[in-house]
Amino acid sequence: EMTRSVSRFPLCWSRKHFEKSTDYYLTKEETMSEEDLVDLESLKAVVKSFKPARWESKAGVPVLDGNANE
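All residue numbers for the sequence shown refer to this note's numbering, where the first residue is 11 and numbers rise by one.
Hints were generated in silico from the structure; no laboratory data involved. Ideal placement from N, C-alpha and C gives every residue a C-beta, glycine not left out. Certain hints may be false.
Here are the simulated lysine-lysine pairs, DSS-like style, with alpha carbons at most 30 angstroms apart [what the hints assert, rightly or not]: (1) Lys54 - Lys30; (2) Lys38 - Lys54; (3) Lys26 - Lys38; (4) Lys58 - Lys68; (5) Lys58 - Lys38; (6) Lys38 - Lys61.
Quick list of simulated restraints, FRET-style, between CB atoms [to be verified]: (7) Glu11 - Leu74: 57 to 63 angstroms; (8) Ala78 - Cys22: 35 to 41 angstroms; (9) Ser52 - Thr13: 24 to 30 angstroms; (10) Ser67 - Glu11: 54 to 60 angstroms.
Turn these sequences into a full structure, and let the hints guide you.
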């Protein structure tokens, strides 16, 4: 017997992916396994450690939107 690993998240999207509602792709924490909850907390910690950064041009000048906001 042969086992094959497959991605749980599609690496390419087709029209049928966009026909599904947003709820189809959401997972409630109460339905997650203990392992998934531990991974979720790890992910939250990593994201919380991110520091805001400016979007700058190659010359180091802040990039502004149409209202001159960063």
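Here is what the structure says about each hint:
| no. | hint | in the structure |
| --- | --- | --- |
| 1 | Lys54 - Lys30 | holds (26 angstroms) |
| 2 | Lys38 - Lys54 | holds (15 angstroms) |
| 3 | Lys26 - Lys38 | holds (23 angstroms) |
| 4 | Lys58 - Lys68 | holds (27 angstroms) |
| 5 | Lys58 - Lys38 | holds (20 angstroms) |
| 6 | Lys38 - Lys61 | holds (27 angstroms) |
| 7 | Glu11 - Leu74: 57 to 63 angstroms | holds (59 angstroms) |
| 8 | Ala78 - Cys22: 35 to 41 angstroms | holds (38 angstroms) |
| 9 | Ser52 - Thr13: 24 to 30 angstroms | holds (26 angstroms) |
| 10 | Ser67 - Glu11: 54 to 60 angstroms | holds (56 angstroms) |
Going down the numbered hints, you'll see the structure goes against none, and every one checks out.
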